[in-house]
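For the record, the sequence lines run as chains A and B. In terms of this note's numbering, the first sequence opens at residue 212 and continues consecutively. In terms of this note's numbering, the second sequence opens at residue 212 and continues consecutively.
Here are the computed lysine-lysine pairs in the DSS-like style, where the Cα-Cα straight-line distance is at most 30 Å:
#1 Lys480/B with Lys436/B
#2 Lys426/B with Lys485/B
#3 Lys480/A with Lys502/A
#4 Lys480/A with Lys283/B
#5 Lys480/B with Lys494/B
#6 Lys485/A with Lys283/B
#7 Lys494/A with Lys283/B
#8 Lys239/B with Lys249/B
#9 Lys502/A with Lys283/A
#10 Lys426/B with Lys436/B
#11 Lys502/B with Lys283/B
#12 Lys485/B with Lys283/A
#13 Lys502/B with Lys480/B
#14 Lys494/B with Lys283/A
#15 Lys436/A with Lys485/A
#16 Lys485/A with Lys502/A
#17 Lys480/B with Lys283/A
Not close to chain A: a few residues of chain B, all C-beta gaps over 10 Å, as computed:
#18 Glu254
#19 Pro265
#20 Glu295
Honestly, the hints are just simulated from the structure, not real lab data. The model shown is predicted, which means the values in this text are computed figures rather than measured ones. Positions of the beta carbon are idealized from the N, C-alpha and C atoms, including for glycine.
Each chain, letter by letter, is given below.
2 protein chains.
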Amino acid sequence: MGAIIVADVGGTQMRVAALPRDGIQPIKHQIAPTQAPKGSPFERFVTLINAVWPDEAVEAISVATAGPLDPKTGTILSAPNIPEWINFPLGERLAEHFGVPVYVGNDANLALLGEWRYGAGQGHHDLIYITISTGIGGGVISGDQLLLGHRGLAAELGHITVLPGGPLCPCGQRGHLEAISSGPAIARFVNEILAEGEASILEPGPGLSARDVAKAARRGDPLAKAAYTRAGEFLGQAMADFLHIFNPSIVIFGGGVSRSGSLIFDPLKDALYKQVMDPGYVKNLILTTTKLGDDAGLIGAQVQAQIRLSSL
Amino acid sequence: MGAIIVADVGGTQMRVAALPRDGIQPIKHQIAPTQAPKGSPFERFVTLINAVWPDEAVEAISVATAGPLDPKTGTILSAPNIPEWINFPLGERLAEHFGVPVYVGNDANLALLGEWRYGAGQGHHDLIYITISTGIGGGVISGDQLLLGHRGLAAELGHITVLPGGPLCPCGQRGHLEAISSGPAIARFVNEILAEGEASILEPGPGLSARDVAKAARRGDPLAKAAYTRAGEFLGQAMADFLHIFNPSIVIFGGGVSRSGSLIFDPLKDALYKQVMDPGYVKNLILTTTKLGDDAGLIGAQVQAQIRLSSL
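Chain A with its partners taken away, still in its complex shape (with noise of 0.2 Å):
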């Protein structure tokens, strides 16, 4: 039985682990910062992918990593917070040092991945995943299939236009979910709040965090309540839009946002129970979290080398 390597790549921390074939138990596993005084990243994740390689005969190298890449040629276009990965090809290099095939995918389509094989999201043909922590990200399975699109670049649902002329978004459009949804977004939205005079026991300022406006809404601040009820409202109005379009048996949120409970949730469900336009899409559905935590992008990365080696 051979084994298959696994990475995560983020803009802090790259993982990497050694996996059985068949299995999520890993032989072996590290972590490393990305950015580091000595090397660059590719270098750093070349000596990772060293440190974890088992004795057994490696099958294909899986990555999971962040922004938009091409998942057929394993080129990130860019990497957010790696300023070396523009139209980096990543998958090409790989294969050529290690010699064996390589799989990239976008860190949210391989955290679905994983959720729908070993998560929440098991038994399930029709899937949705919205990750809300610094931006909005998503993936989609429709009958079986992860949704990726002519390029590579589908499935980005943080970036449909809610409110028109609203915030802007880091994408550089105006109104998008993510602009509004998002973690920055809710301590923005604070931000500018408290800049009008409005009381709050939140202090104005840079280091605003959603995770304080979280606290200070748990204590009661009607500010921070109205915050979060803003996010969760434009997340439950785009839900439904995703309801229409996709119909899926389950919803799997993620990302720190989703950890804000009721604050998050109870605006979100309300507002899509009131704006969905047939029960048809509600009967039965599921609204749930990540099981898989942490692991999802490694876990997901390995579904993907299942997939693409069942293929061949």
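With chain A's structure known, arrange chain B on it following the hints.
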């Protein structure tokens, strides 16, 4: 070589044809009104099928029809303008009567299948179809697979919120694309502005149609032009969302409003190209109109039969 009976059942008329198993040249073809003084729509449908029944062995009956339906069971949940068909087990009733497999599909989905195999979408793997007429309907093919969703209710592309709190949609929700950019929505907008006293060559009234507005726009009427610009801009905003969600290589437009040409497509394209978040989404993207015209439903029903029969 056997034959397929294909049908396109609308609120106004029913079209039925017998086609060779692997072709789209009709052996026989019949049209009849859906509503008539004598007999139920189902009885007239059966009569029409009998009228085209060929000498060849019939391998399947494949039906395109409007409205929410379950493609797995062939049950119509509700059919616009056919009040008799609420929770109507059309597939089961036809299979009992004729003793052959029956496949039932949403007309927009099947129009896309037709365009994909025989029309404007040939050779593409990731397609969006959007039909703009009395309502706004959609179909999506992603990775060569029709998007159906858990209950077959997916791809309702007219029912996403493009303007929170906006005009009332026929579905009961507010601010949906269909409530702003469909034919009746364009006429309603003109009527509302005329009621405010705006000057125009158009006369207000319930009989005013999007076609009347298009004629006035071509004669230079500013209100009529503004009405199409508004509809086109919101379509462009929604299309940017759909590109971020599906990353297709082609978008095919159908329906009466799409025949108004640059009146709707100029503002649509302006808004789309401004609101897309990365040039990768529009690189080599094809925006076009349907090729099959009124035959799209019948031809799509044939493709549905071919796909379902080949997966047996």
